[in-house]
Amino acid sequence: MFLGQALGLSAVLFSLGVAGVLLRRNAIVLFMCIELMLNAVNLTFVALAQLHGASGYVMVFFVMTVAAAEAAVGLAIIIGVFRHKQTVDLGNINLLRG
Amino acid sequence: MSAYWVWLAVAFPLLGFLINGGLSLRRPQAKNVVSAVGVGVLAASFLVSALLFVQLRAHPPHQPILIDLWRWLPVGSLQIDMGFQLDQLSAVMLLIVTGVGSLIHLFSVGYMKEDPGYARYFAYLNLFVVFMLVLVLGSSFPVMFIGWEGVGLCSYLLIGFWFSDKVNADAGKKAFIVNRIGDFGFLVAMFMIWHSLGTLTFTGMVAKAPAILPAGSATVTAITLFLFLGCTGKSAQIPLYTWLPDAMAGPTPVSALIHAATMVTAGVYLVIRTNVLFALAPLSSTVVAGIGALTALFAATIGLRQYDIKKVLAYSTVSQLGYMFLGVGTGAYASGLFHLATHAFFKALLFLGAGSVIHAMHHAYHATDSHADAQDMRNMGGLKQYMPVTFWLMLIATLAISGIPPFSGFFSKDEILAAAFARGETNRIYLLFYAMGVTAALLTAFYMARLMTMTFLGSNRTGERERGHLHDAPWVMTGPLVVLGVLSAFGGLLNLPPFMGGGAALERWIEPVTAPSAAFFRLQMPHGSTELFLIGAAVVVAIGGLLAGWRATLQRPIPVAAEAPADTGFWRVLYRKYYIDEIYDALIVRPLVWLSRVILWKGVDQGVVDGAAVNGTARLSRGLGWLGSRLQTGQVGIYVVLFLVGALWILHSVVR
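Sequence lines, in order, name chains V and W. So for the first sequence, my numbering puts the first residue at 672; every next one is plus one. So for the second sequence, my numbering puts the first residue at 2; every next one is plus one.
Only chain V is shown next, with the shape it has when bound in the complex (with noise of 0.2 Å):
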């Protein structure tokens, strides 16, 4: 049906994520950018399980399980970070430099 369009819309969406992660520094919209990337690729889940069965479904709920918890530990890291360096900018955050 809309499958062409549904994986097309994914597609974009998915882009917009990769984009977004490489070229922002804010850790929080580079976290929702990781976010996006997920429900694109969910996209796809849901529009393929048309033609493949319902594990494709099945997946879209552990991908959403796993986001959410990816969330809480993710949220809680830049808290820390930010209770630390009184900043989100990633540019800042570079203690892993060698």
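Since the hints were derived computationally from the structure, they do not count as laboratory data. Glycine residues also receive a C-beta, built at the ideal position from the N, C-alpha and C atoms. Hints may contain errors.
[Unchecked claim] Just the calculated beta-carbon pair ranges, DEER-fashion:
{"hint": "1", "chain 1": "W", "residue 1": "A613", "chain 2": "V", "residue 2": "V737", "range": "47 to 55 Å"}
{"hint": "2", "chain 1": "V", "residue 1": "L693", "chain 2": "W", "residue 2": "V605", "range": "53 to 61 Å"}
{"hint": "3", "chain 1": "V", "residue 1": "Q676", "chain 2": "W", "residue 2": "R631", "range": "42 to 50 Å"}
{"hint": "4", "chain 1": "V", "residue 1": "V737", "chain 2": "W", "residue 2": "T634", "range": "42 to 50 Å"}
{"hint": "5", "chain 1": "W", "residue 1": "Q607", "chain 2": "V", "residue 2": "L746", "range": "57 to 65 Å"}
{"hint": "6", "chain 1": "V", "residue 1": "Q676", "chain 2": "W", "residue 2": "F644", "range": "28 to 36 Å"}
{"hint": "7", "chain 1": "V", "residue 1": "A739", "chain 2": "W", "residue 2": "Q636", "range": "24 to 32 Å"}
Chain W: place on chain V using the hints.
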């Protein structure tokens, strides 16, 4: 008693070493036990040796008795047994080592009585006897090598016995290091024998050598020259003799046992043992005889101008060992062994006599808190009056070493000179060796007369207060001297030549051992008028030397050591031993130290190994790590880009 019990002869001293070694660690003050064990095991070993000797007489002479104890090194086709070989040669050596060894052990009881290291001393001395017996009994080169190295170790331990003085420790090190050079020759010779003959046992060597090695071939010449290099180290011949005079730093009985009577004769024993090889290599035999004659003469000249009583005897030992090599290099193996035996008697007597003198001098100086040199003959003089027993016994030894008939040294030295003269008929250079030997005999008589005169005759120079403390040693010390005196006087009977009514007993006894070489290297000893002429010449030379030495020494008063003016001219050269030590130091030791320090240590070790290899590896990995760390910017964006590139690349390669 079965000959199998030959291992007992070795086991007794080994037991003594273990007991005394244990006592020296736990109960160093238990001197009575130490003496009983130390001397007792030697006496037991001597008894075993005597029984074995009797046993061997009943045995067919041309079959050595082989006793294999266990298989030692089974490596492919190389099968080495820990085995002993009892034959005429090893039996004689066995008797000399344990017999003279027992006497010297007994002497040590008195000499070392007050030494705090008494137990340690006897432990080392027992261990020395163990290794010496392994050396003479070993049935193959490797077993002999155990003894060869072991006696070197004990020699080192005993030279440096009073190691708290750096001089003594240095002398020990010198002996050990110089001997290593000789051991290298022994090892190379052993490898070559294995390579060419495929066997390392003496019986195998005797059986195979004449068939495999052509007479005069380069191989056998090289083997024997390398063997002889080993001999020059152990038996103190030119060029490796320098360690022996320094070895006098050890206790005097050690000088008598190790550095006069037994260990230093190991080289002579080795040449006799491998006589078949030396007979196949006439060039090597000539080298042996030549080095022997040269050493005999050279060392005798140094002995002329030494003041330390033990130094004179040390150079005398080097010189006498030269005679033995002259003998065995001439092919007169029995004569070499004969001189080895008589030398063991009279030189042990001389050293022990000197030990008694030093003992007395030391006590006299100790009683008056004087610090004068107790070994310097210039501080002695007139001791005959205070130590008559020692004097008369040492006089016997002096006459024996000078070659005055009928004392033992006369027979053995005369045989060697006669043999060299006889060999001169076919090979002219041996006449030169003969002349050198006769000259050395003259010098021997001279320096021995000088030693006796300076020590025992004339007026006493020890000091007014010290004089009263001089006296003969106790019986535990003079007893062995008396036995050695008897042996020195009558040792010539061992091998009395036929024209004096003897049957050359030793020569016939040793014949089975020297038989393999007799075929290629026959020596026709002179007979009749030539023999008498040679004897007459030798006796005239000896008497002349003795009288000259006596007269020259008594001629003018001798100043005590502390007031003596320095020697001048050639005397100074002799006193400084031709500066050989200095020359070796400049030519070998210092370049070697320089090479080790500047090139090997500072250059190779610190520069290449530490600098380039060790620190270089560290620097390289640190550099690579630094490069890797440049990737870790800490910028999440960069990580994401890299991650994306990686993910796309994987995706690309999977999908494709």
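Violated hints - listed by number, lowest first: 4
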